[in-house]
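Protein chains: 2
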Amino acid sequence: MKVPLLLLTTKWLTLTAFALLLSFNVQAMHPNLVITQTDVIAMRNAVTEPGSFTTAYYALKARVDQQMPFPVIVPVPKDGGGGYTHERHKKNYQLMYNAGIVYQLSQDKAYAHYVRDMLLAYAKLYPTLDLHPARKVRSQNPGKLFWQSLNEAVWLVHTIQAYDLVYDALSGQDIEKIESELLRPVALFLSEGQPSTFNKVHNHGTWATAGVGMAGYVMDEPEWVEKALYDLDKSGNGGFLRQLDELFSPQGYYNEGPYYQRYALMPFVTFARAIDNNEPQRKIFQHRNGVLLKAIDTTIQLSYGGLFFPINDAIKSKGIDTIELVHGVALAYSLTEDPGYLDIAERQGQIILSGEGLKVAKALDKGLAEPYQFNSLAFGDGSDGKQGALVVMRSELGGHQALLFKPAAQGLGHGHFDKLTWQYYDQGNEIVSDYGAARFLNVEAKYGGRYLPENESYAKQTVAHNTLVVDETSHFDGDVEVGNQNAPTLNYFETNQFGAVASGEIHTAYPGVKLERTLALINLVELEKTIVLDVFDVGASGAHQLDLPLHYLGQLIDTNFELSVNTKQLSVLGSENGYQHLWLKGCGQPEPGLAKVSWLNDNGRFYTLTSLVKGDEEYLFTQIGANDPNFNLRNEQAFIRRVKNKKQHQFVSILEPHGEYNPRKEYTLDAQSKLTELAYTGQDDLALVKISIAGMHYLVAVNQSAEGAIKRDFQYQGKPFSIAGRLAVYALNDL
Amino acid sequence: MKVPLLLLTTKWLTLTAFALLLSFNVQAMHPNLVITQTDVIAMRNAVTEPGSFTTAYYALKARVDQQMPFPVIVPVPKDGGGGYTHERHKKNYQLMYNAGIVYQLSQDKAYAHYVRDMLLAYAKLYPTLDLHPARKVRSQNPGKLFWQSLNEAVWLVHTIQAYDLVYDALSGQDIEKIESELLRPVALFLSEGQPSTFNKVHNHGTWATAGVGMAGYVMDEPEWVEKALYDLDKSGNGGFLRQLDELFSPQGYYNEGPYYQRYALMPFVTFARAIDNNEPQRKIFQHRNGVLLKAIDTTIQLSYGGLFFPINDAIKSKGIDTIELVHGVALAYSLTEDPGYLDIAERQGQIILSGEGLKVAKALDKGLAEPYQFNSLAFGDGSDGKQGALVVMRSELGGHQALLFKPAAQGLGHGHFDKLTWQYYDQGNEIVSDYGAARFLNVEAKYGGRYLPENESYAKQTVAHNTLVVDETSHFDGDVEVGNQNAPTLNYFETNQFGAVASGEIHTAYPGVKLERTLALINLVELEKTIVLDVFDVGASGAHQLDLPLHYLGQLIDTNFELSVNTKQLSVLGSENGYQHLWLKGCGQPEPGLAKVSWLNDNGRFYTLTSLVKGDEEYLFTQIGANDPNFNLRNEQAFIRRVKNKKQHQFVSILEPHGEYNPRKEYTLDAQSKLTELAYTGQDDLALVKISIAGMHYLVAVNQSAEGAIKRDFQYQGKPFSIAGRLAVYALNDL
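As you go down the protein sequences, you meet chains X and V in turn. For the first sequence, position 298 matches number 298 in full-length UniProt numbering, and the numbering has no gaps at all. For the second sequence, position 203 matches number 203 in full-length UniProt numbering, and the numbering has no gaps at all.
It is worth saying that the hints were derived from the structure and are not from the lab. As the structure is a computational prediction, the values presented were derived from the model and not from experiment. Wrong hints could be hidden among the right ones.
Note: identical chains are not told apart, hence a pair may lie in one copy or across any two.
[Said to hold, decoys possible] Distance condition first, Cα-Cα at most 35 Å in a straight line; then the derived DSBU-like pairs of lysine-lysine:
no.	residue 1	residue 2
1	Lys614	Lys674
2	Lys136	Lys674
3	Lys136	Lys359
4	Lys91	Lys359
5	Lys665	Lys200
6	Lys91	Lys596
7	Lys514	Lys690
8	Lys568	Lys644
9	Lys91	Lys647
10	Lys316	Lys665
11	Lys514	Lys386
12	Lys665	Lys647
13	Lys674	Lys646
14	Lys529	Lys78
15	Lys124	Lys719
16	Lys644	Lys514
17	Lys674	Lys316
18	Lys61	Lys124
19	Lys316	Lys596
20	Lys316	Lys200
21	Lys596	Lys90
22	Lys711	Lys568
23	Lys596	Lys136
24	Lys386	Lys665
25	Lys124	Lys665
26	Lys568	Lys596
27	Lys136	Lys719
Isolated chain X, as found in the complex (with noise of 0.2 Å):
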């Protein structure tokens, strides 16, 4: 857009907010959104060099060159998700993006022609649309290229940079078509014309304000950028900065859980670079203690051997090799030049071609990647960091464990009625499972490729998690309204060098119910092996139910009581709640004592429940897949311990990894457990767990008081013990 530099300047002279003053540089330059001119004559002068960004480039100008022959093709919209002229219009914007920078890099105008014979094709197509037709009934955000307007703002983030690459190979007349006919009558349908979407606060408000943002940084109109910023009333209710400050917990973690964070994250990282880009005086980084870039590196710790810990609807193999976290990781570094986000970057695979990118490469080409350091971690959740939180304890003491605590709150349409379970790893594998979503993406025979029913009506189910069930009922009786309104609280977290504790509790999972459970990752330095210790109290006015499942993955290999086993015949175990998607395979009631369930894993090692009980708890053994007409569910195993008319109970366990199955090379270690004693006393608020293992002796103390670790003194079977932190653990050997 030429526009004589007075007008320009008058044009900004009518705008009277002070930050404006401080804020817009008058613009005369592309590209300069997320890629800038400083940054293309750096990224021109890479490829003349090899190294893997010089590879990247070529890679990306040889699949341009393969579609560059076939004629543009933009269709007339008709296709819902997935149809042809979704898919079409979604290749179209990559397709165009990529382009742009291959023009960039290569000076080479054919790439900047194909650019603009697309967006002319747009600008022809646009003005002629009216809402898509394959819209939802009663949708209130419909788009005119696409069903839905979020797939509108997509598109909008993409061709808005594309068409800021190829900018300078424009005719004013070109130019003057493309934004008159079609990137300003998108921008606007985007924030005038579906102001609830705009100024949602939500991700889909975030592509939106994104690219209206970003179109407005490109076609000189501030007030546009204003309003993505603060909303359409600039009132800061709505946009951009409202949705830093709420979608994210000071710690940077996203409420629905890693799988939608790092699809959340794209439009945050792309608009926040340009804005730093044009305005650098905003110090759009710097907002709320650089709550950005904790937002991409919560992503990372969130993961384990690569993949996102699969909570809430999450399909579990999707991972740090995401696309968005590519462009993250790429940020992150750009920032911070910390060597460990290259070893990110690395397993990534993946080299953008932005100046981030190029920053990236340099350094990966250089080997200056050091190891990422994942952590034991506590997230905050909710806008506060105070809706409970998502827990993560790590230990490299003889495996490569992560154990997943989630006192965390319910994370809206895609959260699950899960309070308190966890998830556990080693050696690379997932050991105590989550299901994850129910879904087969975009596989058009399992429901067409969307959330599968058995999503709700299990994947979603209490029962299908680590955690108490009351009264066969999910959390909530399965409220997802009741559940945003009510999380659990994070009593305590804390590291030191026996481990990592955590305890989170909830009153409103269930009415007249309060569930608490304490879970330890504990190093038995001595034995070179780490145990989970997970204590879960239940209180309630009346009597229950009380079921607490633990799905493992492995093969069954011992259990220490009898179990009498359905060899002829299953049933269902439910009928509502998820229950009724379990076969009961069969079911034991051990002798007071110890009772112990054994595993073998695919990572060739066995693992051991053991369980303290008092001759009160029934294990029932189960399989999923019952009533699932069309083999939509994964058999995956459970058992559940259950006590029946209880008002209190104490479930108590131990969680031990041992020996190694190695049929390759025909040896077989310590496929029996070597716990053998297990007990447990309170002691005002000290739970003392006394452990035999493998012919050690410990004492576990955890403080459980409300006022925090602070040095207690404290006698155990006649002998003085002292506790400095929330977690200790004594060799009673030594003693």
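With chain X fixed as given, assemble chain V onto it according to the hints.
Below, chain V alone, put in the same frame as chain X:
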């Protein structure tokens, strides 16, 4: 043994056989079994410089050094397999062998003395021993140090080599004691003391003859070598050469399958090397057209993705990196210098400390490895190669595929009742699967780590395989003796530019029933993909129920016919012969035409079996796990095509790999089968199959005639065709 040369000479002259005049070198040098004096010089030289051999040497030395400070422990035999004394004696022979190697390379006598001390401890113990207390009642082959003499023979094979390695560091007195109190008695016990085992044409016999024969070389007892080679009575009815003649087919296939083949290889490889080093004029490696080398090569060919095809009793994680095959590959490379063996050695990742191992290490260090060529091959079964065959077909067109077809003999006690079964692999994964053995090796809680009862009741039964079951009974009515007498026939096998095809038949699996199956792996070059054609003809004198199971790995995605699924209750499919272990999940009866079942494997690819049905085939969907009170079985899936009351039936189907499921990158391609037409016509001896797939029309012709592949002309739908071999594929679009 220091014997004056004259005495030695006299002794030799008392021997009569003319072979001996040719064969026996006067021996004065140690070591000279697998490792020779010449080898030692080269090896000592090698470890002065860095390289993979040196790395392997120092790794072994470190392991030995770790053990050396501990006192020698030679316990009085007490425990059976897996027990303490059993495992200790196993550990001891390995330790002696390793320390012997380190002595030769380091020339540090401390290592020799360690071996000496252990040998002397054994020499003290051995004369006091009676038969092992844990021997099986009425066992034909009890040991003294071990519960069975097989282990004792393995002990001797290692120990005699260790003795040979440290010989030159021993005093005359020690030699006298060790030979007279230990090595001679053991050798005599394993030969004259157990004629039935020693003379047996069986791998137990191979270990015994290898141990005794090598003892003969070391202790100058040529008579022992003769007996080891030709039976105790030197008749040739038993002995090592007879074992080489009988236990392998002319192509080098071992009757029990690759899992046991790799185990059986070890004594063959070891003793043959010792024979060749001592008596090269016996030309042991040329014996029977080099059958030993063929046996090594066959073991490699019978693998996929590094793991052995799990036919018969086989633990599925066993593969080419097994120590026996590390030795085998070192020998094969040293004999042939074929750089393909270096590829395998590289995958094995282990260097043997021997002359052969050095050769491999040097070649690997020089980067001489070239890809090992996995081929489509038919391995004749039985000592004459005519007891059927095991057929492997491979393709790299649009995948990495292998099809195993088994018109092979029963394979003795470890054989399964699975005549004409098949398995199929693609993209690194098992797709159409075989259960393998039901066993958790050495896991005490799982039936003492032995073969589980379910190995007999399920894994060996016909229904556990992908082949035909008549009237819910297993082949040969499950009688192994009958099975051993009655092998299938391989009608033909051919590989050409169109793919590979084989046909096999058997008339004796069921009385009055002929089973004939033709399987082809067909390259569809235009589509860049490979499909499987399966034609199974059954003909019987009376009417029967015919079941054809297909065991698949993955998640069922779809069927193109309606299923009636048991959602509330599961029942057992049958009462015996493996059927009692199958839950019936659901069933369906497709209309005449094409019946499709699609599943998604963990490799991210879809697979569809399309069958040509006439409305009389019922599909039963099953899961393993019924009548399994100890959770011993893996809960895998199958579907069984069933027809009832039939004298004749032809099952015709195509297995088609298609598409990709990539939730990480969020796309799904071609989740649906593209096969739209399938028609079968018999024309004299020609099987003609018309296939329409992804818009291409193909005619597949298979020449089934007895006279074999001669050029033939034929007409199909009025057009002329010509076939020169067994298999031809015509793209009809081109006509």
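Against the structure, the hints come out as follows:
no.: 1; hint: Lys614 to Lys674; result: within (21 Å within a copy, 59 Å between copies)
no.: 2; hint: Lys136 to Lys674; result: between (59 Å within a copy, 31 Å between copies)
no.: 3; hint: Lys136 to Lys359; result: neither (43 Å within a copy, 71 Å between copies)
no.: 4; hint: Lys91 to Lys359; result: within (28 Å within a copy, 55 Å between copies)
no.: 5; hint: Lys665 to Lys200; result: between (59 Å within a copy, 28 Å between copies)
no.: 6; hint: Lys91 to Lys596; result: between (54 Å within a copy, 32 Å between copies)
no.: 7; hint: Lys514 to Lys690; result: within (26 Å within a copy, 68 Å between copies)
no.: 8; hint: Lys568 to Lys644; result: both (27 Å within a copy, 24 Å between copies)
no.: 9; hint: Lys91 to Lys647; result: neither (58 Å within a copy, 56 Å between copies)
no.: 10; hint: Lys316 to Lys665; result: both (31 Å within a copy, 12 Å between copies)
no.: 11; hint: Lys514 to Lys386; result: within (19 Å within a copy, 74 Å between copies)
no.: 12; hint: Lys665 to Lys647; result: neither (51 Å within a copy, 48 Å between copies)
no.: 13; hint: Lys674 to Lys646; result: within (31 Å within a copy, 57 Å between copies)
no.: 14; hint: Lys529 to Lys78; result: between (59 Å within a copy, 33 Å between copies)
no.: 15; hint: Lys124 to Lys719; result: neither (86 Å within a copy, 52 Å between copies)
no.: 16; hint: Lys644 to Lys514; result: within (16 Å within a copy, 59 Å between copies)
no.: 17; hint: Lys674 to Lys316; result: both (32 Å within a copy, 28 Å between copies)
no.: 18; hint: Lys61 to Lys124; result: within (27 Å within a copy, 77 Å between copies)
no.: 19; hint: Lys316 to Lys596; result: both (29 Å within a copy, 28 Å between copies)
no.: 20; hint: Lys316 to Lys200; result: within (29 Å within a copy, 54 Å between copies)
no.: 21; hint: Lys596 to Lys90; result: between (53 Å within a copy, 32 Å between copies)
no.: 22; hint: Lys711 to Lys568; result: neither (58 Å within a copy, 56 Å between copies)
no.: 23; hint: Lys596 to Lys136; result: between (52 Å within a copy, 33 Å between copies)
no.: 24; hint: Lys386 to Lys665; result: between (51 Å within a copy, 34 Å between copies)
no.: 25; hint: Lys124 to Lys665; result: between (68 Å within a copy, 32 Å between copies)
no.: 26; hint: Lys568 to Lys596; result: both (25 Å within a copy, 30 Å between copies)
no.: 27; hint: Lys136 to Lys719; result: neither (70 Å within a copy, 53 Å between copies)
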